[in-house]
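Undergrad: Sequence:
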Amino acid sequence: MTGLSAATIRRYLQLFVNQGLLEKSGTTKNTIYSLIFRS
Numbered sequence: 001m002t003g004l005s006a007a008t009i010r011r012y013l014q015l016f017v018n019q020g021l022l023e024k025s026g027t028t029k030n031t032i033y034s035l036i037f038r039s
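Sequence positions in the sequence shown follow UniProt numbering and run 1 to 39.
These aren't lab readings, by the way, just hints derived from the structure by calculation. Each hint should be verified, as a subset may be incorrect.
Stated by the list, open to error - SDA-like, lysine to any residue: derived pairs with alpha carbons at most 25 Å apart:
(1) K29 x A7
(2) K29 x L13
(3) K29 x L4
(4) K29 x L15
(5) K29 x F16
(6) K29 x R11
(7) K29 x A6
(8) K29 x R10
(9) K29 x S5
(10) K29 x Q19
(11) K29 x I9
(12) K29 x Y12
(13) K29 x V17
(14) K29 x Q14
(15) K29 x N18
(16) K29 x T8
If you're wondering where the values come from, they're calculated on a predicted model, not measured in any experiment.
Can you build the whole structure from these sequences, using the hints too?
TA: Here is the structure:
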């Protein structure tokens, strides 16, 4: 994904975690990527 940098990924991660949509687990990265690919 050329349009997203590591900082952008971290921002999405922080936003989702803050909203309580994601649990801090081994599947967090996969969930983040899935959400980004869907959007």
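Undergrad: So, for every hint listed, does it hold in this structure?
TA: Verification of the hints:
no.: 1; hint: K29 x A7; result: holds, 14 Å
no.: 2; hint: K29 x L13; result: holds, 8 Å
no.: 3; hint: K29 x L4; result: holds, 14 Å
no.: 4; hint: K29 x L15; result: holds, 13 Å
no.: 5; hint: K29 x F16; result: holds, 11 Å
no.: 6; hint: K29 x R11; result: holds, 13 Å
no.: 7; hint: K29 x A6; result: holds, 12 Å
no.: 8; hint: K29 x R10; result: holds, 10 Å
no.: 9; hint: K29 x S5; result: holds, 14 Å
no.: 10; hint: K29 x Q19; result: holds, 16 Å
no.: 11; hint: K29 x I9; result: holds, 9 Å
no.: 12; hint: K29 x Y12; result: holds, 11 Å
no.: 13; hint: K29 x V17; result: holds, 12 Å
no.: 14; hint: K29 x Q14; result: holds, 12 Å
no.: 15; hint: K29 x N18; result: holds, 15 Å
no.: 16; hint: K29 x T8; result: holds, 13 Å
The structure meets every hint from the earlier list without exception.
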